[in-house]
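Colleague: Residue numbers (the numbering used here), protein chains in the order written: chain A, 1 to 293; chain B, 1 to 809; chain C, 1 to 163.
Since the hints were made in silico from the structure, they are not lab data. Hints may contain errors.
Stated by the list, open to error - Estimated spans, in silico, between C-beta atoms of each pair:
#1 VAL436(B) with THR264(A): 27 to 35 Å
#2 THR232(B) with GLY91(C): 53 to 61 Å
#3 GLU132(C) with VAL457(B): 28 to 36 Å
#4 GLY177(A) with GLY91(C): 49 to 57 Å
C-beta: ideal position from N, C-alpha, C; glycine also.
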Amino acid sequence: MKPAPFAYDAPRETAQVVELLAKYGDDAKVLAGGQSLIPLLNFRLARPDRLIDVTRVPALSNIEPRDGSLVIAAATRQATLERSALTAQGWPLLIEALRYVAHSQIRALGTVGGSVAHADPAAELPAAFMTLDARFHLRCARGARTVPAAEFFVSYFTTALEPDELLEEIEVPPLPGGTGYAFVEFARRHGDFALGGAAALITLDARGMCRHISLTLLGAETPWRSPQTEQVLVGNPPDEQNLVEAAHAAVQGFEPSGDIHGSTEYRIGLAETMALRALRRALDRAHTGGRPT
Amino acid sequence: MTWTARLQGEAQPQAADEQPSLHLGPGRVIGRRIQRLEDPRLLTGQAPFVADVNLPGMVHAAIVRSPAAHGYLRTIDAAEALGSPGVQAVLTAKDLDELGVGEMPVHWLRPGQRNVSNPILATDKVYYVGQPVAVVVADDAYAAEDAAELVSLEIDPLPAMVNAEEALQPGATILHEEWETNLLAEHIASGGDVDRQFEHAEVVIAERFQIQRQAGMPIETRGAAATYDPLTGELTLWVSTQMPHLVKTDICQVCGWPGHKVRVIAPAVGGGFGVKEPPYPEEIVVCVLAKQLARPVKWVEDRREHFLASVQAREMTWDVELAADGNGRILGLRGRVIYDVGGHASAQGIGVPIVGTGMMLGPYDVQHMRVHILGAVTNKVPAGAYRGFGRPQATFVMERLVDELAARLNLDRAAVRQRNFIAPHAQPYRNALGHVYDGGDYGRTLDRALRQIGYDVFAARQAEARAQGRLLGIGFVTFVMEAGLGPSEQIVRGGHMTGTYETVLIRMDPSGKAVVYCGSSSQGQGHETTLAQVCADRLGLDPERDVVVVLGDTATTPYSPASAIGSRVGMVGGAATFLAADRIREKLVKLTAHLLEANVGDIEISEGLAYVQGSKDRALTIQEVATAACLGSNLPDGMLPGLEVSETFDPPVSTFPYATHAATVEIDPDTGGLTILRYVVVQDCGTMINPSVVEGQIAGGVAQGIGGALLEQLVYNSDGQPLTTSFMDYLLPTAVEIPDIEIVHLQTPAPDIPGGMKGLGEAGTVAPAAVLGNAVADALAPFGIRVTTLPLDPDRLWRAINRRGDGAS
Amino acid sequence: MSTVDLASSTRRVRIEINERAVEAEVEPRLLLADFIRERAGLRGTHLGCEHGVCGACTVQLDGEPVRSCLMLAVQADGRSVRTVESLGRGGLHPLQRAFIECHGVQCGFCTPGILMSIEPLVQEGRTLTREEIRHALSGNLCRCTGYQGIIAAVELALSWAHT
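Here chain A stands alone, though its shape is the one from the complex:
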């Protein structure tokens, strides 16, 4: 289990990364934290000719506020985001999601953008960004563009990124004050990829009705943001009956693929449970002004 040979570049600037991607395209692969890529290299399931290491580009490791939004440069380590006071203050859903990402030893090297670009269907961060309506800033030699989360995730391990494109930044818009949040998941062991999981945001209006709802399930081809859930709840009181109905609505059309750890049927049932638990917890927090509990 040693990687096949490859060439290696470690540029210091984003422009150089983009240049290299333009030059090598499909033959090259971006190496960020490597926590998903290097296992694939060790198993020789991936054998790129060239790795472009983006972790030595200072501009790609950064967390900053921008016009009220949170901007995370793609090669920011997950551990750095986990410890970010700014993130904890305004986007605690991300912190809660990160706690489920593997183990601390993996998060110490794994990057935020790496997880997003890898697009594992059971990964936590893509679901969290989907829930938060994040926008992904991509760059290539041909120019830059911004893709909303809803359009970024295309299929299993497949995103809107072109072979010559770099995920540069992730922009997370601000949440209305008092938004309740929750990230819950169930895995066979602590730290494993989830068998089922859900991320939820609930904002209540002055009368205690649901003003804004966002719910995403893990485990299908792409993070599953459920419009039905929003329809059930928005404008209605978030009572238990409505939450149950919303959770049930969430799995309509949700198609996780089964494997040796859990059948499709089980994963759908589990997703409904996770949806309900996420909604309940988010609601609790909405009632207490969106503070972590």
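Fit chains B and C to the given chain A structure using the hints.
Modeller: Frame of chain A; chains B and C shown alone:
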């Protein structure tokens, strides 16, 4: 304070539990919780494992393995690989044949067994994905792996047979065509007249149980490094094994090399659990290459290979019936078990189900059983040993049946067990298959465990929880296992190639310090510590300062045919150490009496001194006495000089340690997730040499048992392709999944074993699947679910609760 | 695959390991774990799975525990690594002593990785519940001990850190 002491402190076990009833040796070292002598070098990263063996000019081997589960191997084209950078050689079966290298022997043979040896590298056919086909040697591990990819194999695929039961059906694809069947071997474990019992039984519980494929999965993979000296013709092999002497025996036999020119060393070994019990083809190949290339050669198995080429275990399908009267008295057990052997026999043949079935009636006074054991080959990795060796499966089956019997008769599960236990006064008890137990009070361990876990109040807690929609369950299991295994003659008659004796050599030099040489090897069990304790105890020495134990090197240690298998080193090695040390002690006593002009009967030895009883001023240090003995001066008439004793202990009988395990669980009906709330073990393993070591063995075994019950499963698709070849798919328990394990000791010395040890190493693994199976069945009782299939994973439990079919039953 | 002889394109790296600079010409594909073991000759860092799950190869990179099997040596160029050999120079580290006292070691293969994962928590003098200790250990697999002695050892070492 140690962890168990703390746990026990909370649990307030009776002090009497800890009272050893054995006369301890002069040093009172047996029974003490001393720190392990092995630890400093392991904690500092200084202990050398096989991968750490580095010699000048060393080259690295990579194995080319079959990508197909079943097929005819037509050609092997190594031309491109030979041209790859850094490649030194490529070896195939043809080369081995030309070198006169034979086949790997199967060590466990039954009458009529169709498979007595296996090719080292595949010849004309491949039987499982991962089977070794060729070996590439290159300058480093990276280059070797590069080149191994370039060896091209032409294989005509055949349909894969992945189900042992189907493999025995008429018309099934035959793996080994010359056999004309997929039946490797069979055996009927039979005693009494079971069919008659069924004729008048008031209750018959018939059930089908399926236990999944698992593996021991040590964190250190296998590995081997060899060097050959052309001047002397001596070959040295470092190998991650449980059986260095047997590896050597196989090398000599397979290669036709003389034993005095072959040295096998088991250095630090990172866990074995049965996986490293048999000698493996790669170990032979590395030796052959070292000799051919006249360069040191190293092969370190990677984790993916470990999933493809190291023995797997546990997979069995049972169809069994239990007969009982209306009071829950068990009358007999009969049925059939089909054992999935894999592509060909491993070294252990069908030994695993034979051993498991042999003690299936366990603590119960039942004289009638018949189980037909069938071993069928399939296109999967060969199956062999894994800690427990058939006992966890048999215990799961038997104990689920007993719980179902109690449920059928609406009787208390504990009461049914108590009603059927062999009474202490009926010991020694001969079971239905002729094993003669060496004592045991099973009712006491059950009572103690149930008291510890609070069985009397659990039903109320459970009812209360159920009213809130929460699912709690309790399970408990009492088992007896055969350990140590002996005498050798009987074990060999039973089909095992080797006997089970152990020889220990103790050498004391003029400094009065002792070195203990034992041919077994340790994979973490702490044998250096426990054997040092036994020796120190008998000789009045300090085990940490005065004794060194040498293990696992065939050049320095006495021959050991069975080494670290069968829960035997503490018992058999301990007994041999006990006897050898006693003979040294005898000599020291005689010599002291002579030197002090006292009576032999008045000499005591303790704490480094030999003295006249009652008058410590008439004393010599052990060093002074040893000096006299070793230098050969001033000896009594007839005493030869020297302080070196070798003793062989061949167990006159097997020993029968026993235990009760009990657990409480909670199942989340919405996720199928299972949490173990408490896990209790009440164990009697005879004399404990070091209770902390005993507890470590129990806890480690229980954790493996929990893994097998809940998490671990090796899966193959219908083409025979393995789907679990990484730790992301084969799930070992982490610290989060393993609860606190509360251990209570009973200590009844084995009557026939010097020192009184009963053996322990495997005991922890035997019960957890059965305990958790019973606890889950109890938790899910409102749903009317029969727990018959492992593992108890969340999908299975969720389906059972939510009535989606294919659930726990 | 490209026909370029990629293996020949080596790079010079300099990694500080246990406060000693180790320089070598390496292929980009060389794993940090192999650099530590084969180039720096520090064999206390063990490889148990080479895909980042077992944790036996855990070392500290600039003070943080990471998997040395999931990092290339070239990625560690210019950075600082600590391995098990750095612990307890001139006497055992309290964490190592706690492992001895609590029988936290059996085969010892996974132990160096566990020590390197937990040592920062002891150093920081963290107060952890037993459940938190279990979570802190969950990135390291042990197949021998059932974790009981390890959990006790971590509890003991943390308690010493507070006194």
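Colleague: If any of the earlier hints don't hold here, list their numbers in rising order.
Modeller: Hints 1 and 2 are the ones this structure does not satisfy, whereas the remaining hints hold.
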